[in-house]
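Just so you know, the sequence shown maps onto residues -26 to -1, 1 to 329 in mature numbering (1 follows the signal peptide of the UniProt record, and there is no 0).
Worth double-checking, as some hints may not be accurate.
Pairs of lysine to any residue, SDA-like flavour, derived with a Cα cap of 25 Å [said to hold, decoys possible]: (1) LYS84 <-> TYR130; (2) LYS84 <-> VAL111; (3) LYS84 <-> TRP54; (4) LYS84 <-> VAL119; (5) LYS84 <-> GLY133; (6) LYS84 <-> GLY52; (7) LYS84 <-> ILE231; (8) LYS84 <-> ASP104; (9) LYS84 <-> ALA321; (10) LYS84 <-> LEU209; (11) LYS84 <-> GLN234; (12) LYS84 <-> THR42; (13) LYS84 <-> ASP315; (14) LYS84 <-> ALA55; (15) LYS84 <-> GLN288; (16) LYS84 <-> GLY107; (17) LYS84 <-> GLN35; (18) LYS84 <-> ALA108; (19) LYS84 <-> GLN237; (20) LYS84 <-> GLY147; (21) LYS84 <-> ALA4; (22) LYS84 <-> ALA148; (23) LYS84 <-> ALA229; (24) LYS84 <-> ALA193; (25) LYS84 <-> ASP51; (26) LYS84 <-> GLN138; (27) LYS84 <-> THR238; (28) LYS84 <-> SER53.
Okay, the calculated beta carbon distance ranges per label pair [said to hold, decoys possible]: (29) GLU268 <-> GLN9: 22 to 32 Å; (30) GLY24 <-> PRO60: 17 to 27 Å; (31) GLN234 <-> GLY147: 41 to 51 Å; (32) THR1 <-> ASP104: 39 to 49 Å; (33) TYR232 <-> ARG110: 19 to 29 Å; (34) ARG110 <-> ALA148: 32 to 42 Å; (35) ALA4 <-> PRO158: 11 to 21 Å; (36) ASP121 <-> GLN237: 41 to 51 Å; (37) THR1 <-> SER53: 19 to 29 Å; (38) PRO60 <-> GLU135: 44 to 54 Å.
Treat the hints as calculated values from the structure; they're not laboratory data.
Owing to the predicted nature of the structure, the values given are computational and were not obtained by experimental measurement.
Where a beta carbon is used, it is the ideal one built from N, C-alpha and C, also for glycine.
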Amino acid sequence: MLKRIGIITPLVAATALVGGVAGAQATWTAEPFPQRPGLSSAISTASSGGGETWAFGSYGQAGGTSSTSQAYRRGADGSWAEVPVPPIGHLVSSAVAGPNDAWAVGWGYKNTAGALLRWDGAAWTEVPVDVPGATRVRPDDVVAVGDEVWLIGKGYDDGQEPRQHSFAKRWDGAAWQDLPLPEPANEATLGAIGGGPDDLWIAGTRGDAAMALHWDGTAWAEGPVPPVEMPENALLEVNDVTARAADDVWISAAARIYDQPEQTEPVLLHWNGAAWSEAPAPDAGAPGEFVHAEGALWNLAETGPLRYDGTTWQAVDGPDEGPVHAGTEVDGRLLGIGSTDPSYEAAPFASIHTG
């Protein structure tokens, strides 16, 4: 799930050092994953909760401009089975709260609008996302936190005087409840939401600067992020945000050269309970999704996984099939999903980290 979110002062309290390759003998156990011969099939997001694990993405003709939603559920034996899902485009974000409560966000062509799906234990159905005055809505990220489910995104009014409205919503079991964001968030690009109960963070960008919003159980407030020094013509992209504790929150991002998108500088931002600052990032391409597994915090970076043990970030050998870009925790272990040929006829694979 790619997000948009910009030298920050050195980390003042918890310094994250960069280590070498950890666990060179680490092993991965492959799990057979359904294939679509002759088509390009991609998995972008995976989530687990309450003993359930799901993976989502889309498939279509290689090189084509349209895609069809796809969803897979993992069995207790490690097998994967496709489950029918309404066609809402490429599924980019997901959350699983339990066997009868799972969610997936989808984006349509050119990512200008989106939709939301819910699993009730029997079938996937589309759930409306209402933003008053909006002519189109794009949910951006969904997360399960404890027994709560949260959704962030944007509503757009494309009338004669175009306007946009950022939103954060909490599911009350029957409908989405609005939790208003500060007014400046309307001009921001929201990237990701994550954290713990009554201690949530939204990460994104406003203009060229990184932005972080904090929910304390009552209201949202902005936590200032120092400017990130970037190369000329670079854009800051936010990929994810997560929390190990109230004083140990992380944002993954990347500075990407506008006309040379393959050139990136990794960015990791850290909240120590008092302030945001930048932490050293291993040279593993753009940091991606965070996963809590095996007693550590993982980041599924562009060229291989990173593991944080509370002191250092270290590169870890990935599966032989290639880099993993979606993942979740399964029975205490890291499940990684990637593609054997992401550039054209993508073919997904799944693998469990076992040592």
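Given hint GLY147 paired with LYS84 - CA-CA distance at most 25 Å: violated, 31 Å
Pair hint LYS84 and ILE231, alpha-carbon separation not exceeding 25 Å: holds, 21 Å
CB-CB spacing for GLN237 and ASP121 relative to the 41 to 51 Å hint: holds, 43 Å
LYS84 paired with GLY107 [C-alpha distance capped at 25 Å]: Measuring from Cα to Cα gives roughly 22 Å; hence the hint holds.
25 Å limit on alpha-carbon distance, applied to hinted pair LYS84 and ALA193: violated, 33 Å
Distance restraint hint 44 to 54 Å, applied to the beta-carbon atoms of PRO60 and GLU135: violated, 33 Å
Satisfaction of hint between ALA108 and LYS84, Cα-Cα up to 25 Å: With a Cα-Cα distance of about 18 Å, the restraint between LYS84 and ALA108 holds, given a limit of 25 Å.
Satisfaction of hint between GLN234 and LYS84, Cα-Cα up to 25 Å: holds, 20 Å
25 Å limit on alpha-carbon distance, applied to hinted pair LYS84 and ALA4: Outside the cut-off at roughly 33 Å; violated.
Pairwise beta carbon distance, TYR232 to ARG110, judged against the given window 19 to 29 Å: This hint holds: roughly 26 Å between Cβ atoms.
ARG110 versus ALA148 beta-carbon gap, inside 32 to 42 Å or not: violated, 24 Å
Range agreement (Cβ of PRO158 with Cβ of ALA4, hint 11 to 21 Å): violated, 46 Å
Going through the hint list in order, the structure does not satisfy hints 3, 4, 6, 14, 15, 20, 21, 22, 24, 25, 28, 34, 35, 38.
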